[in-house]
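Sequences listed follow chains X and F, in order. Positions 13 to 269 (my numbering) are the ones given, in order, by the first sequence. Positions 3 to 275 (my numbering) are the ones given, in order, by the second sequence.
It cannot be assumed that every hint is accurate.
Some, not all, of what chain X presents toward chain F, calculated at C-beta under 8 Å [what the hints assert, rightly or not]:
1) V74
2) E108
3) Q198
Short derived list, chain X residues pointing at chain F, Cβ under 8 Å [claimed, not checked]:
4) T136
5) Q138
6) S140
7) M144
8) M145
9) V147
10) G189
11) D191
12) G193
13) D208
Simulated restraints, written as ranges between beta carbons of each label pair [to be verified]:
14) H118/F x G31/X: 55 to 63 Å
15) L16/X x H118/F: 49 to 57 Å
16) L254/X x N122/F: 48 to 56 Å
17) L254/X x G24/F: 29 to 37 Å
Just so you know, the hints here were simulated from the structure itself, not pulled from any lab data. Bear in mind that the values here come from a model prediction, so they are computed numbers and not experimental data. The C-beta atom is built at its ideal place from N, Cα and C for all residues, glycine as well.
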Amino acid sequence: MEWLAQLGRSGVSFSAGLGRAHLLMLAMLRGLPQLVRRPRLLVEQLLSVGVLTVLIIAVSGVFVGMVLGLQGFYILSRFGAEATLGVMVAASLVRELGPVVTALLFAGRAGSALSAEIGLMKATEQLSGLEMMAVNPEHRVLTPRLIAGIISMPLLAAMFSMLGVYGGWFVGVGLLGVDEGTYWAQMQSQIDWDDDVLNGVIKSLVFGVVCTWIAIFQGYDCIPTSEGVSRATTRTVVHSSLAVLGLDFVLTALMFN
Amino acid sequence: MSLNSPADDTLVRIRGLKFFRGTRAIFDGVDIDIPRGSVTAIMGPSGTGKTTLLKLIGGQLRPDAGTIEVDGQNVHALSTADLYRLRMRMGMLFQSGALLTDLSVFENVAYPLREHTKLNSSMIRKLVLMKLEAVGLRGAYDLMPSELSGGMARRVALARAIALDPMMIMYDEPFTGQDPISMGVLVQLIRRLNDAAGITSVVVSHDVAEASEIADLIYVISDGRVIESGAPQALRETGGEWTRQFMDGLPDGPVPFHFPAPELESDLFGDRT
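Bound-form chain F, shown alone (with noise of 0.2 Å):
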């Protein structure tokens, strides 16, 4: 998958996307391609804006200069109603699920189904079962978000953020703190449903093993830039300094191990109180 993809193949489109947290730049002159039908990976140190790049995606972030455009449509310039029917063909997949604790686990994959469309319950019933089907979760219908493990609960999520049959689907760190069968379970998942159904998936991750693993294309960022894009094997052979040593976990290289301090001596033996 290269970034010179045909127009047309392009479903997200960022260009110049500049944003500030008070005086601290987050992004500072971004552009990214995500083509259509691939899994592309959004890799980066923790505190580099991942998850506020998914949120200025959907629109529930604005960006201070530059424009997103999904779908040929540019997400900051809809009105409230273009915006949410937009979403209605977008998924996301938070980090913590964001299953609503009052419902039971088929109440929540049904939500968006009895909020959006006008399907009777037998017809909600039938796809709900074939959405937790798909996930592996259908005995787990009428259980309670608290009674689910973590794993479980991004699970749920991801057949509540797949109901609507979205065109994309977002997934803010889906492998964290999970066990190695989760983790496994979610990465053979998204691929999944990605090539199955067509859809678009941007995986936002510092996990490199599992999104290398199921990523066609991979854009690092760091310090409000894209640092490096391409292919996950490419990056690893033909990628800078800063890259290698992301890609292969390295302690110390051009991220340095210590945080910026005064000489250690003078730290210890010197006059600072």
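Here chain X stands alone, though its shape is the one from the complex (with noise of 0.2 Å):
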């Protein structure tokens, strides 16, 4: 029975953490008027978060979409259909890959940051010094860093898609030979923007929302030690990287039926 136990025991850690995760987010969006007066802190995070984040994003932005015109012109050419080869690189960008790599890459690069930053600020008491200091670390710390990442996280996987699109141009235009033309027109007909852009910004921004979340909530809630703030950014990269893959399924599944 000792199993049952632990189930037991797991399911109700698993449920105060949700809880905790949640009063969380509370707490830190009863930060935002304080945010929208201080728009200076929001401006330092969207540095840290969003644009230290811009190479890693532009770098494997490029190089995904190279890898798609290869393949993609190997496959549509044994149908004499290497025309449609801008659709095929663009819809798989916008729709699917620009969202999910990125919030990938995202909670790899940036998401164990914040988790490791906020661990180590709880660690090094900092958090309990601006809490004796009258400043509330909720409000102070953490709003500022979520705000950030829920605007970068659809601003990244655009720059992604955009920069896909290129990479995609210059092997199959540029090496290959399809058609500049044709590239370009046939993406332009067939790239809906409801659809295909909208509907990959949305979960992009769920992706923001949800992978920021759960690195400050790691952060915020880890062990105060060396080996909690390391299991806290471990967390992080892994628990996110789960659940935006999760959701993708189900966003997915919602908006194209």
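Build the complex: two chains, separate frames, hints provided.
Here it is in structure tokens:
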């Protein structure tokens, strides 16, 4: 029966964690008015969460687009349909790969950094120090990071998709001889603003909320030791990745019937 | 300084404090009075909850029973806004310093001023330099926390704690891990700030010599209770066996040298596996 008790303990612990995560989200949302009054806090975090993630997103976007161009050309040319290469590359990117790969990279780069930073602030008593200086750490430290993550994710995903399209263009048009006019014109006529682009943006917004929330919660809720911070960082990447992949299926099923 | 000071002279009044971690009682019916304008040392062995006591006074932890009043206000009955207003009048020096690592020394000390006042940058600069001068680190204003020694970090944290001219400062193990010079500097600073600015100081420490040197009143706590209290000299002379062992640093006495264990012989030669 020990396994049943263990299962029960895990269930209770998971539910308690979920409850704490929601309370933390409420506390962070209560810090929004302060953030509106002091936008500088948001700008600082947009730099560290968003701008410093651009490089990895840009490089990955270009290479993913180039691979899509190669694979797409290989398959489409079998059916004489290489003219639709631009559509295939763009649809794959804006619907799926842009939001999903960006979210996975975001979790690995910005999410882990957020957890480690907040966890270390907790371990070195900086958060307690803020509290004793009559500064609410949830409003002052966490809310700007949450909003910066939510704003950054769709922008990074858009950048990923755009550079991916250029990566596909470079391989398809530049190296493999697909007609340039066809590449762009097919894309323009076949990619739908609402069904494809907007749904991709909604996905990346949802991923932005989830990934940043998980990262902040894991850092804030960690055991304030070096091992605790290390575990929190690992959990951030694992939980975020699983949440993104699971949510992607649910959102895709809802959006594209 | 006696425990029978008039009620008005008591800045912090703790009554019937109980606090548990799980089933373990950290405090089990503790009464403490901290007189205004004094340096009060809370002493006891490691793990007796001295830091926890400061967090309870500062409202960061909530007691399971009992009350803590600071300047006549029940800390744990205050609204969040009132608690934050009270904290603006309390400074706390953490054991690690708790400096914000991404800000320079100057910005760390300026932080509470920028957060809670509308002073212009010229006035903030003057105030910060004055606070840093008080702890002898005006020349280090542009260093980052990673460039400071442990003693310097604590002095910067002290300058930050007094930035808003609080009515009391709580010191969490201020002497731990300090070389003799840094320790001497901190001892002097605590006493000097207390006397010059009329601040009430609460020093949590297990460094007997240093705490005794500056304290007007000492509370010795162990096993969740106040064992004894009084002036340092009185405690040394008339304190019980436990207190004398602690104050004189004797290896054995009421607090045994050995952690409870079975007989050595049975452990070495018995059939325990």
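Hint numbers not upheld by this structure, sorted from lowest to highest: 1, 2, 3, 10, 11, 12, 13 and 14
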